[in-house]
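Asker: Each chain, letter by letter, is given below.
Number of protein chains: 4
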Amino acid sequence: MTHSELIDDLVAANRILAYRGIFDAYGHISARDPSNPDRYWLTRSMPPADVTAEDIIAFDLDNKPLRAGENRLFFERVIHGEIYKARPDVMAVCHNHSPSLIPFCNSDTRLRPMVGNAAFLGEGAPVFDIRSVDDEGDLNVCTVPQGSALARALGPHWLVLLRGHGAVVAGETVRQCVRHAVIAEANARQQIEATILGPVRFLTASEIAYARRMKPKDADRAWRHWKRQAMAS
Amino acid sequence: MTHSELIDDLVAANRILAYRGIFDAYGHISARDPSNPDRYWLTRSMPPADVTAEDIIAFDLDNKPLRAGENRLFFERVIHGEIYKARPDVMAVCHNHSPSLIPFCNSDTRLRPMVGNAAFLGEGAPVFDIRSVDDEGDLNVCTVPQGSALARALGPHWLVLLRGHGAVVAGETVRQCVRHAVIAEANARQQIEATILGPVRFLTASEIAYARRMKPKDADRAWRHWKRQAMAS
Amino acid sequence: MTHSELIDDLVAANRILAYRGIFDAYGHISARDPSNPDRYWLTRSMPPADVTAEDIIAFDLDNKPLRAGENRLFFERVIHGEIYKARPDVMAVCHNHSPSLIPFCNSDTRLRPMVGNAAFLGEGAPVFDIRSVDDEGDLNVCTVPQGSALARALGPHWLVLLRGHGAVVAGETVRQCVRHAVIAEANARQQIEATILGPVRFLTASEIAYARRMKPKDADRAWRHWKRQAMAS
Amino acid sequence: MTHSELIDDLVAANRILAYRGIFDAYGHISARDPSNPDRYWLTRSMPPADVTAEDIIAFDLDNKPLRAGENRLFFERVIHGEIYKARPDVMAVCHNHSPSLIPFCNSDTRLRPMVGNAAFLGEGAPVFDIRSVDDEGDLNVCTVPQGSALARALGPHWLVLLRGHGAVVAGETVRQCVRHAVIAEANARQQIEATILGPVRFLTASEIAYARRMKPKDADRAWRHWKRQAMAS
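Protein chains in written order, with our numbering: chain A, 39 to 271; chain B, 39 to 271; chain C, 39 to 271; chain D, 39 to 271.
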């Protein structure tokens with residue numbers, strides 16, 4: 039994948055997640071630079087639906103823009119740097135306020151995989167409570183201690199819920215990160231509805247373990263479909 | 039902010055709230071005149087989606103139009119005057135029938151903040167029962183005793199639910215008032231869904247207190263995004 | 039109201055109810071002829087979204103088309119004739135499968151008014167079970183005994199639910215009938231959500247009695263807004 | 039029905055199911071060849087929303103494409119062949135991940151008919167668990183043993199739910215198969231909502247038996263309406 043293909047994927051990722059209601063005016067997704075793992079690409083602070091290639095700029099893992107003079111930056115970009123530091127396997131990070139995930143952020147009920155393509159949720163998504171870092175403050179993840187505690191809460195998972203806030207989703211690629219975010223939202227909605235019906239059967243431990251070893255079949259079909267829908271909107 | 043900027047914000051507010059399903063054929067939002075706190079601006083009685091600058095007229099705090107001969111007026115404009123009288127800090131008032139708020143209007147379960155940007159809900163939104171004013175009648179707030187009782191029920195809060203009716207939302211600006219209305223609807227939906235999952239964790243008292251002291255970061259990004267969406271529709 | 043205004047309202051009613059998801063491919067709404075109470079106007083059997091003035095034909099109260107040779111007719115038009123016979127005050131009848139009403143059709147929980155404009159639901163909508171007429175058959179109301187039993191189940195109400203089927207809604211005018219149908223759908227959704235929160239407070243008996251005596255304020259504003267939305271779609 | 043009419047129906051079926059959210063990027067529907075019951079027609083592996091007549095190719099009941107050199111094929115096409123082998127009366131098969139069906143896939147609560155047009159669900163939809171075939175693996179139905187076990191789980195029914203996965207729907211025609219899929223999704227949503235209200239009354243055994251003997255009235259009206267909506271989108 040060339041650099042321009044990566045930027046193209048990041049633009050599409052912003053548009054897809056906005057089109058599907060996972061981003062509203064807020065939310066951001068970054069990609070680690072494949073040619074320099076100590077850098078990542080992220081948009082300026084702006085609504086995801088409006089992102090173009092020109093809005094994507096490079097940061098070091100301390101979340102400093104490489105080009106001097108940038109001043110419209112996300113306050114919460116520390117999330118990206120800290121996760122890239124803690125997880126060498128992660129190549130893309132997304133922070134969102136995905137509507138159906140919020141109920142799980144504020145509940146003891148764990149978000150668990152309903153269907154095969156949600157196996158990345160494993161035994162259930164961890165929940166990060168920012169008050170484990172600071173006794174007081176708002177809910178935003180803006181400092182290195184907050185970001186590194188969030189990265190620890192993520193641990194080896196692909197999604198961590200933030201109490202009173204939203205979610206952080208990781209992927210081995212931008213496309214996988216988007217897929218995780220889209221599937222998590224659908225899974226959450228379906229788990230809430232299943233809870234109404236009574237006890238819920240989730241994927242089994244062996245199914246989750248199997249999914250960890252195997253690649254999904256034809257995952258790019260969804261990416262291409264979602265991209266076409268979003269870019270045409 | 040100039041007068042024409044204020045009117046422009048009021049038009050956009052009507053369009054945003056209609057676009058997002060918080061207003062349907064009914065609902066209204068007003069702004070106190072910053073150069074004369076004894077006056078406020080409100081549209082004629084009409085569907086919010088159709089509002090233009092020409093539809094916005096000035097009222098005194100007794101809800102009389104300043105210009106003689108106006109006859110298409112909201113029956114419930116007393117809500118605006120009574121809240122402006124009772125709350126000098128309030129510069130914008132919105133009355134709506136926001137769909138996800140109705141269940142909380144008719145329940146002992148309080149609407150409480152799920153996420154950081156809903157901290158303005160505090161320890162929970164109060165509920166006003168119009169039958170505490172009149173033993174009999176409809177649910178509309180049309181008289182001064184009804185309006186002033188509603189203002190008392192609002193108290194120092196930013197949102198009051200009306201039993202069997204809807205909500206009244208206040209703000210320090212038109213934009214903040216719209217933000218309160220949009221966030222309240224989302225918060226209500228998410229609280230209902232979280233209730234299905236089991237006991238709900240809300241913002242802590244210290245988080246609510248912190249939010250009262252601090253301004254939200256970059257709140258205007260949502261306004262600009264919502265406005266562009268609504269005006270393009 | 040002239041005859042052409044009545045037909046215009048019936049066309050708009052079909053389009054509004056289709057636009058708002060209360061009609062899908064099925065559903066029908068009729069108007070009693072104000073100049074001849076023994077006749078009513080109803081479309082041919084067709085999807086409501088496609089209705090034009092040319093599709094509306096006259097029937098007698100035995101549900102026979104006045105013009106010979108009509109053969110695309112609704113099987114369930116007996117609903118209209120039997121209700122017009124039983125209820126001289128009813129000037130419009132709508133049969134639909136409004137999605138949020140179905141859960142109440144199949145439940146002991148009564149559909150009851152959440153908000154002032156739903157006061158027409160009174161102490162709760164009755165439920166008609168077609169198996170009280172025939173021990174066996176489908177769920178459609180196609181015979182005079184079925185239609186007249188349905189009209190008896192409606193009694194003095196404005197809405198009757200049909201077990202395993204949908205609803206029949208009545209009005210003093212086409213516009214009121216549409217308003218009843220739209221409000222019933224919203225009320226049902228909100229009552230389901232409120233049930234999740236705990237015990238639900240409905241309108242009081244005195245509020246329902248008051249609404250029976252009084253006309254709603256400015257009801258035509260919703261009609262005009264809904265019509266403009268639907269006709270532009 | 040000519041061959042080109044059948045292909046036209048298959049194209050419309052893909053578009054309808056995509057338009058109505060029953061297919062997303064995945065899902066497929068096939069038709070048995072009426073002139074040769076040992077063959078069926080199915081699209082290449084592609085998003086259903088993009089299907090045209092050129093994308094539909096012929097398979098034998100061992101799921102081999104009749105024309106050599108085809109390589110973009112659905113991994114799960116074994117579902118189609120095995121059901122056509124087991125059920126001579128079935129002329130169309132659809133596999134989907136219909137969102138409101140997923141909660142029933144993972145629950146002991148059976149999906150049962152709420153309304154007359156859902157009578158094809160009978161006493162309740164069976165649930166197939168792929169782990170009854172293999173102790174380990176993913177959730178996809180890709181092998182003959184998996185496909186034939188699925189066909190056995192379907193038995194004489196028209197819909198089988200797949201634990202952790204989705205549904206397989208059958209029909210006597212493409213149009214009936216689409217109708218089953220659309221109605222099942224609506225029925226599932228309404229059953230979940232009815233469960234919130236309390237015990238649910240389903241169709242009676244005699245109503246289900248009656249529906250088995252009788253054709254629905256005017257079913258093609260829905261097909262034509264859904265097709266026009268989907269093709270115009």
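Treat the hints as calculated values from the structure; they're not laboratory data. Any given hint could turn out to be false.
Identical copies go unnamed one by one, so any copy, or any two together, can satisfy a pair.
[Unchecked claim] In silico DSBU-like pairs for lysine-lysine, Cα to Cα no more than 30 Å straight-line:
hint, residue 1, residue 2
1, Lys255, Lys102
2, Lys253, Lys102
3, Lys123, Lys102
Asker: State for each hint whether it applies.
Answerer: Cross-check of the supplied hints:
no.: 1; hint: Lys255 to Lys102; result: between (38 Å within a copy, 19 Å between copies)
no.: 2; hint: Lys253 to Lys102; result: between (34 Å within a copy, 24 Å between copies)
no.: 3; hint: Lys123 to Lys102; result: within (14 Å within a copy, 49 Å between copies)
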